[in-house]
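The primary structure of each chain is shown beneath.
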Amino acid sequence: MSVLQPDALALASPLARRNPTVKLALLFVVSAVLLLVLDPMTPAVLYVLVAGAVLLGAGVRPRALLVAQLPFVAFALGVLLVNMLSRPGEVVWQGAGLRVTAEGLWVGAGLAGRTLLMGLLSVAFVATTDGVALVTSLHQHARLGAKVTFAVLAGYRLLQQMGAEWQTIRRAQSVRAPLGRRGRPRVGLRGHAASAFALLVGSVRRGDRVAGTLELRGLGDGERTTWRPVPLDRKDAVFAVVVLGVLGLVLVGASAAGVLEGPGALF
Amino acid sequence: MTGSGLAVTTSSGLAVTTGPGLAGITLSGVTVTYPRRDRPSLRGVDLHVAAGERVVVLGPSGAGKSTLLHLVAGLVPHSTPAEVEGTLVLGGDEEHLDLSSPVHERSALLGVVGQDPSASVCLPQVDAELALVLENRAVPPAQIGPRVGAALEQVGVGDLAQRQTARLSGGQTQRVALAAAVIGRPGLLLLDEPTSMLDASGVRAVRAAIEEVARDASLTVLLVEHRLDDYAGEAGLDGLPGRAVVLDADGTVVADGPTAQVLREHAAALHALGCWLPLEAELTALSGKVGDLASGAHDQLLAGLVPCDAAPRPVSAETGVRSVLLRAHGLAVGHGRQTVLDGLDLDVRAGQVVAVLGENGTGKSTLLHALAGLARPLAGTVSGQRPGMVFQNPEHQLVAHTVADEIAHGLADPAPTVDRMLREHRLEHCADRNPHQLSGGEKRRLSLAAMLAHGRDVLLADEPTFGLDRRDTMVVADALRSVADAGGAVVFSTHDLRLAAEVADEVVVVGRGRVLASGSTHDVLSDAAVLDGAGLELPAIVRWFVERCSSTAALQSALQALGRHPVAGSGALEPAPATSAGVRA
Amino acid sequence: MTPEQAAGKAAQDVRQDRPARSRRAPWSLKELMLVVVLGVVFGFLYWALVQGWIAFAAVTGPFGDLTQHVLLGGWLIVAPVAVAIIQRPGAGVVAEVLASVIEVVFLGSAVGPLLFVAAAIQGAGSELPFALTRYRSYSWFTYALSGGLGAFAVFFFSAFRSGWYGTDLFWTRLAIQVVSGVVLGGLLAKVVVDALVRTGVVDSFAVGRTASR
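Chains as they are written, first to last, in our numbering: chain A, 1 to 267; chain B, 1 to 585; chain C, 1 to 213.
Simulated from the structure, these hints should not be mistaken for laboratory data.
Just so it is clear, the structure is predicted and the values come from calculations on it, not from any experiment.
Glycine is no exception: its CB is placed at the ideal position from the N, C-alpha and C atoms.
A portion of the hints provided could be inaccurate.
To be verified - Derived DEER-like restraints, expressed as beta-carbon distance ranges:
1. 171/C x 253/A: 35 to 41 Å
2. 62/A x 402/B: 54 to 60 Å
3. 239/B x 187/A: 46 to 52 Å
4. 361/B x 168/C: 54 to 60 Å
5. 134/C x 239/B: 55 to 61 Å
6. 157/C x 17/A: 31 to 37 Å
Claimed, not checked - A short list of chain B residues far from chain C (calculated; beta carbon distances all over 12 Å):
7. 46
8. 142
9. 234
10. 307
11. 359
12. 385
13. 420
14. 431
15. 542
Claimed, not checked - One-sided excerpt, in silico: chain B residues whose CB lies under 8 Å from chain C:
16. 36
17. 79
18. 80
19. 81
Go ahead and model the full structure; you've got the sequences and the hints to work with.
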């Protein structure tokens, strides 16, 4: 269902073989650090580096990568526009009741760049990580409880069925819906709300049954083993060090070049 | 405690020994009442199942059969709150579990298969599902792989280990669930209507898997199954577990003994209660004689049902050619760009009932959606008035908060129609209740009532009798028939060939991407080659009548008469004292 | 209490229709599964809604950016629904975090792991009014407050992340977001919970026990 589903090629790549918990943790740390960066240069440099790494190490085709980033491009453009037009400062252009400011452009570009960068990282993560492996790895390495882990995995299974279930419910309820102008059933807000509710009721009921099944499979918080553990090895440590190191270097470089700006730029 | 059992330590540290001699069930005076109901679901149940016994629990809908299983499994009262009186003991003499043991503690002793395939398997991949059981028992990882493979082989799905569970058929899913239930080597196997939501080939496959699993003589099996006719299949009474326990509508045990004997003695009463019985038992109930179909004991009864000259249906007597209400021409349907069914031409005339038959996955539902105008056909046209449609799962169509509002939904002037529908479909007693709280049969009647209230000429129905007991099935069949008799038309899909033969004037058989046969019911059903090619199995009783009736009208009349034939002897069940533990299967 | 007495009491609890677990007992698998189901259903619906909305937002140009504030209420609704059904401390936060995990991991949502932080903040804000009334009051006001607080709390985190500080529209955004939170994340949640209770499908949870009394 995601925009870029991991396919066979991506899952065999070097990036995919890294431990998912480590990847998630790195993604988290990098995103958190980037939250504090507001100039357009640093994200631009990082974007180029990450794009290179992804194309080389993630087995994702360039075209697929571009397509997957489209929503982020739209979002980033929006951010840029809004900041251009609504941030007070030195006016650069005026007309048609709108004004563009230099500060707006600078901060807007920074935020947009950051959005694109975080988007790219996110896309890379999703493309090279199997959801099931991630949850299992969190159970193994991040001490996520067994009950929570398998409840989430069971939820994934429910999610797989949900698209078809939604379509069936929509069709079932369209039968008695009044016809619109072109002879097709007219679905209003009410119609969608009723379908959403039907989906909710059915899913809650199914969830109860699944919980019963899981309990009868012996799921509990006691001692348990893992059949196919997700590997965590030295390569992951190296990977983490490399990523954090590169980030640090770029930040230091930007700061040395006098380009780096922090959250102060906002105010 | 025998020493030959296999010692297992559950996660809570409770040492339970599974194996021979230690997986019996004893219930004493058990009464279960759910919170919002005024009547108990189970009443004073006394039951002793010794280790290794095979028991089938029979009874009409709502008799508490599932409640019994859930009680043994621990879901009642730990997961679903309920007031429980009496005692329950699981296991042997020393290490045993009782009412207060939570589900998790009982899980080492039990294997359970539920009826809904979509909730029987929880994880995205098949082997992970099975491995979960062993992981929870802290089995060393090296042993897990081989045991998973062995369990899958045992139920006949050995090649599905790497398969994504989302892509399994119903029969495959239930078999995987069965494998997961037995992989932990439980002493007790609970089966809660495992085949009720499957098509014919799924039922066969799951049944074979259960037989294979049941070869282990130390396994105690408790089966609840309401479609005994399907479950028994060709083997008849021999295909059922050796001991039968009958619950009546109040939740009391009224019979307990060897299956053949119980069915013989109580056939009439069970049939009157609305249970599906194996053919042999049904015929015994109606004729009062003992013996299977081939023995000829019931020939007198059956021959009397075959009409000498078939009177054609009243509507067709009036006009030579009836008007076409719905026409499909060159119809191709499928998902996305993939064609599932191609080249369908169908004229649905007033007064006609058409049955669409075929295995799961052959496109029956998609076809009905296209005919209803809910899905765009890949090719071809559908013309005619807007049909009404009832779906396989009645809950999908519910939109209102009360039954009366549900029927009124979409109507311009609801009041008179709603009252009439409530009366005709016997829903007056629940007019103000929330539709989701109705029983399965009531929900089905409601979805029919709500659709019929719109008064459309054509009614489409996707598996309208799925999961219903015999009485509710007859109600639905009557409703379909009456739509046609009133000048409308019905097109429905079903796995129940007996229903199709009883109600349908025309039959369309689909399979392998095209229409395999279409024509009058009698003609199509007498063509064994076509049925074989489509993977359909004609029930013995239908075959009997098809051979002896000369026309569709005669066939319908005979089967309807059979369905409505009064039972031989009294229909009242007297509570029988519990017999001693039944025969070891 | 001797083991026999404890077993007897446990059996008695089981027999009677009384919640056998206090609010401090660990979450049952059933409750966890419910929260997961809520996260999956609302996540799915929200995802479907967003697909449609992206087109709408693109059309409305730069101020399409503001539509995200209108939508936020829909994202908040999981928390009060979970709290009202399960009636345990932390239900709101767990529900929101699980929903965000499902969005990111299984739906591949466009935001990334910071969504977890946002979700936790939303959940905490939404849960606060219920916690303050000790999980006993489920009035329209409590729900409205829940939605409003959740929206308010997460606004400041998102403002930092998306750089809304220092822009002209800052207070407009906050206003839209809080209104959306109150209506979609609060009042609508009560409608949903009441309707669910009437269907009988949540009878075996805490809300079913209190409703029947």
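Results for each hint:
1. Checked against the hint of 35 to 41 Å, the C-beta distance between residue 171/C and residue 253/A comes to roughly 38 Å, which is consistent with it.
2. A C-beta distance of roughly 57 Å is found between residue 62/A and residue 402/B, which places it inside the suggested range of 54 to 60 Å.
3. Distance hint for residue 239/B and residue 187/A: a CB-CB separation of about 48 Å, consistent with the stated range 46 to 52 Å.
4. The given range of 54 to 60 Å is respected by residue 361/B and residue 168/C, whose C-beta atoms sit roughly 59 Å from each other.
5. In this structure the hint that residue 134/C and residue 239/B lie 55 to 61 Å apart at CB holds, the actual value being about 58 Å.
6. Checked against the given bound of 31 to 37 Å, the beta carbons of residue 157/C and residue 17/A, roughly 34 Å apart, stay inside it.
7. Annotated as non-interface, residue 46/B keeps its C-beta farther than 12 Å from every C-beta of chain C; the closest such distance is 18 Å.
8. Non-interface status of residue 142/B relative to chain C is upheld: no Cβ of that chain comes within 12 Å, the nearest being about 28 Å off.
9. Every CB of chain C is more than 12 Å from the CB of residue 234/B (nearest about 40 Å), matching its label as outside the interface.
10. At roughly 47 Å from the closest C-beta of chain C, the C-beta of residue 307/B stays outside 12 Å, upholding its exclusion from the interface.
11. For residue 359/B, the non-interface assignment is confirmed: its Cβ lies about 30 Å from the closest Cβ of chain C, beyond the 12 Å cut-off.
12. The Cβ of residue 385/B sits about 32 Å from the closest Cβ of chain C, beyond the 12 Å cut-off, so the non-interface label holds.
13. Once the 12 Å rule is applied to beta carbons, residue 420/B is consistent with being away from chain C; the minimum gap is 26 Å.
14. Distance check on residue 431/B: its Cβ is at least 15 Å (rounded) from any Cβ of chain C, clearing the 12 Å threshold; non-interface status holds.
15. For residue 542/B, the condition that its CB be more than 12 Å from all CB atoms of chain C holds, with the nearest at approximately 39 Å.
16. A hinted interface residue such as residue 36/B counts as satisfied when its beta carbon comes closer than 8 Å to some beta carbon of chain C; here the least separation is about 6 Å, so the hint holds.
17. Because the beta carbon of residue 79/B sits about 6 Å from the nearest beta carbon in chain C, less than 8 Å, this interface hint is met.
18. With a least beta-carbon distance of about 5 Å to chain C, the hint placing residue 80/B at the interface is held under the 8 Å criterion.
19. Nearest Cβ of chain C to the Cβ of residue 81/B: about 5 Å, under the 8 Å cut. The hint holds.
Hint check: no violations occur; every hint is consistent with the structure.
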